[in-house]
Amino acid sequence: MHQKLNLEPPTYEFSHDPATGHFFCQVNFNNQAYKNTIARPKKQQAKEDAAGIAMQGLSLIMPDFTAAIRQELLVPKSAQWYQKQLMRANKGESKRPCVLLLEFCQMHRLGHPIYNIRDDGRGYYLFDCTIMGRTFNPELALWQKNDAKDHVSTIAFNVLYREFYEKEIVEIQSRLQPYGIPPTSVGIPPSHPPPNVAYSPLHHSMYPNTADGSNYYATAEHASYYATDPNGQVAMYYSNTTMTNASHQRN
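According to the numbering used here, the sequence shown holds residues 292 to 542 in order.
What the hints contain is simulated information worked out from the structure, not anything from laboratory work. Careful, some of the hints might be misleading.
[As the list claims (entries may be wrong)] Using C-beta positions, here's what the derived DEER-type ranges look like:
id, residue 1, residue 2, range
1, Tyr406, Met378, 19 to 29 Å
2, Asn437, Glu462, 28 to 38 Å
3, Ile405, Thr328, 42 to 52 Å
4, Lys368, Pro332, 18 to 28 Å
5, Thr421, Glu462, 23 to 33 Å
6, Asn428, Glu304, 44 to 54 Å
7, Arg425, Lys375, 43 to 53 Å
All C-beta atoms in this analysis are idealised placements derived from N, C-alpha and C, irrespective of residue type, glycine included.
Model the full structure from these sequences, guided by the hints.
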């Protein structure tokens, strides 16, 4: 912001609460001082508090310049990341769910997802996904390994995204509440990966007879993929409209 306005960058000064040893922070910018009034246990927390107060004051006199920075301060980190994935997907730069999950885990320092493949005894595949000792299990057995891997990746992603999103919302509200700053509305967390991502799994409510993947599969002649339609519903698309019953033998 200071670069756009051709001003000196902000400076931060820290002090201690003598009673608790926690931190106060004062931001000095554009000949104005902004300080948090509630001591925080960590310097970074105090810095974010003071920055939020500064943005509130500056937004009254420079709303156009502060809108983007306010977004960074008040929107959960996970939601910002997800919106970027949506933009890329809408431009045709979609990623498989397993890739989205990996990048999400790396962003939150959860390590790499570990996949364990299983065969249901009929030639269909299931993957279990373990992240930080926590295992996510599939709801469908699928013919293609990639589909099975992306299916369980989507399950893990949905759970982790919502957990981090809700945690970050609470942190933002806790940080801003003492100063009467309303959080920015970012909507409801997604129930599936961004649109146009290939291999998004089917929900049971749409195809209740495919709970274990045993009733239907796509043959090579009628290749299928899963995607999200413009209305946000997960659907199965085929190279033609034929759905093949799994009781038939594979070619």
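Hints versus structure:
Between Tyr406 and Met378 the beta carbons are some 28 Å apart, a value that agrees with the proposed interval 19 to 29 Å. Checked against the hint of 28 to 38 Å, the pair Asn437 and Glu462 passes, with Cβ atoms roughly 36 Å apart. Between Ile405 and Thr328, the C-beta spacing of about 46 Å keeps the proposed range 42 to 52 Å intact. Between Lys368 and Pro332 the C-beta distance comes to about 20 Å, which sits within the given range of 18 to 28 Å.
The hinted window of 23 to 33 Å between Thr421 and Glu462 holds, with their beta carbons roughly 27 Å apart. For the pair Asn428 and Glu304, the supplied restraint of 44 to 54 Å holds, since their beta-carbon distance comes to about 51 Å. With their beta carbons about 25 Å apart, Arg425 and Lys375 fall outside the hinted range of 43 to 53 Å.
The earlier numbered hint that this structure contradicts is number 7, and it is the only one.
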